[in-house]
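Visitor: Next come the chains, spelled out residue by residue.
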Amino acid sequence: MNSTRNPCFIRIRGVSKLFGDFVAVDNVDLDIAQGELFSILGGSGCGKTTLLRILAGFEKPTTGRVEIDGVDVTDIPAYDRPVNMMFQSYAIFPHMSVEKNIAYGLRKDKVARAEIAKWVDEVIELVQLGDFRKRNPEQLSGGQRQRVALARALIKRPKVLLLDEPLAALDKKLREHTQFELMNIQHELGITFVVVTHDQEEAMTLSTRIAVMDKGRLLQVGEPKEIYEYPETRFVADFIGTINTFDGQVSAVDEQHIHVDCETAGGDLLAFNEHELKPGDKVCIAVRPEKIFISREPPENNEDIRVKGTVDDLGYLGNLSLYRVRLESGKVILVSQQNRQRSAKRSIEWEEQIWVSWRPRSSIVLVN
Amino acid sequence: MRKQSRFILSVLAFGYAFLYIPLLSVIVYSFNDSRLATVWGGFSTRWYGELFRNEQILDATFLSFRIAATSATLATVFGTMAALMLVRFGRFRGRTLFSGMITAPLIIPEVITGLSLLLFFVTIQQWFGWPSQRGFSTITIAHTTFSMAYVAVIVRSRLSAMDQSLEEVAMDLGCRPARVIFDITLPLIAPAMVAGWLLAFTLSLDDLVIASFVSGPGANTLPMYIFSKVKLGVTPDVNALASLFILVVTVTLFAAWFLTNQREKKS
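For the protein sequence lines, the chains are A and B, in the order given.
The numbering of the first sequence is the working numbering, which starts it at 1 and goes up by one.
The numbering of the second sequence is the working numbering, which starts it at 1001 and goes up by one.
Careful: at least some of the hints might be erroneous.
Computed list of lysine to any residue pairs in SDA-like fashion (alpha-carbon distance at most 25 Å, straight line) [what the hints assert, rightly or not]: (1) A:K134 to B:N1261; (2) A:K134 to B:M1162; (3) A:K100 to B:V1077; (4) A:K100 to B:A1256; (5) A:K134 to B:T1145; (6) A:K108 to B:N1261; (7) A:K100 to B:I1027; (8) A:K110 to A:E181.
Since the hints were made in silico from the structure, they are not lab data.
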């Protein structure tokens, strides 16, 4: 990130939104830097869309302030904000051609005709809609509609572009393609993008940073890697990717490590003491499936965490193999291994007795 | 298979015959040359000619069309406003009550609507001295009140089917809320408004009961004229008049249907 860019381009302070008794957004503080591609991630009903609509100016926060580029916009209505939004339904005006749809924002700003034509050409070029400019919306496919919506929102060169589930209406193949296109356009124009999505994969690939929301609260904000590797709560760990969890109690603490007695793991699990925990604290140890090794022989490295189990189920995905391993306690965990060797034979079979192991570094400690 | 389809066809034919033979007989007899409306005396179009020389009929027709056009226009304006208010302006106190009440005029018997309107006009005449005479204005107001409900129902269903984010997009792109209605909302509900207008127009043109209640001396709408003529004995020119009437109403309703269908296919 460029250091000259304003790190608090969008500044959200203490924003709450209540609908009657229902708290849609609960005391959110958030800073978004200029030029970021920021994602707000969460399940349906978590308040992410409401937060986006507050940024757009369609909802007024019950409490709190919103600043964009140093200007308090809390009381500025949607039509006067330097912000444009792309709706989930795309909301293409059905009674206007593609061109008229795109030009709408500039016409409302009373921009001169020649100027409008120039901008329209430019934006149409950007989203590659040249062949469709005279068409009516009903003649467009889903992907083309998405481009029209994007072009229409971009033409006013907003300081911030808000995108509500920008890819949800597209089929899988198109979604992947469009994802990269969105990133390119964002990179090219340098406009700050705020994307709302429920799709964690989409958020991971698209974003410079992600905010995970649940029940109106921001649970964690960070780069995709941080969120994935260092989740702070069980919800975040669970929501992003898959994870194995073991509940337990801290039994011993040494200089660096904590020993956590987990019944489901059949013994102590080792982890780094990042939270200054004391013996007796209740914690949860979480491990990502791809951090776990699987082997027939007991692993040699004594520092590793080792647990015995049997292969309950396995699946071959080409690049990966997935194993469901039943530990001696009866708990089933998920392990994934890259298929590094080219071989038609399976190295590990169903019902085979195996060891699973992982580095203490890979243990994520979640404090409730 | 064949038998069954023949059976279905005859059921269909019977049903439609039941509906349309009375209307057809009026049209057929309108070309009757005889002076007696019920005795066939050969083909002629003389009664149509007669029709256009009858001052009373021409006056009644002109009045009916004037009332229909005015009340349809007013009903469209008010009905659209009511629908906009009910669908677009969020929850307000008593919204459910109001949205229920907008449909009430559709099921209240015409006789009662007519009677209550008459009482209303008589009362306000006593208080304010207006309307000094019942006729065009009172019938127009009466027709507006009940056909407005039809317009509101049609426009409301169109409005609630419309994606509300279309209006939000317009606002997001810098359009002021008052302007959004003209830029986005009205063009998109226009077909429903036109259909509503045409329906209100035909409703007004058809109405006999309410018009009879709120009309005064000298103001005869077309249905009132026909009805009064029939009481004195049917004359062939009434048949001709009725035939033209059927034609106008059919064409209008067909146009309404065509317009709504045409636009809906598009969007």
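Visitor: Does each hint hold? Answer for all of them.
Guide: Structure-based check of each hint:
1. A:K134 to B:N1261: 24 Å, holds
2. A:K134 to B:M1162: 24 Å, holds
3. A:K100 to B:V1077: 28 Å, violated
4. A:K100 to B:A1256: Violated, at about 28 Å.
5. A:K134 to B:T1145: Violated. K134 (chain A) to T1145 (chain B) sits at ~44 Å, over the 25 Å cutoff.
6. A:K108 to B:N1261: Cα-Cα ~31 Å, so violated.
7. A:K100 to B:I1027: 50 Å, violated
8. A:K110 to A:E181: 30 Å, violated
Checked against the numbered hints given earlier, the structure breaks hints 3, 4, 5, 6, 7 and 8 and satisfies all the rest.
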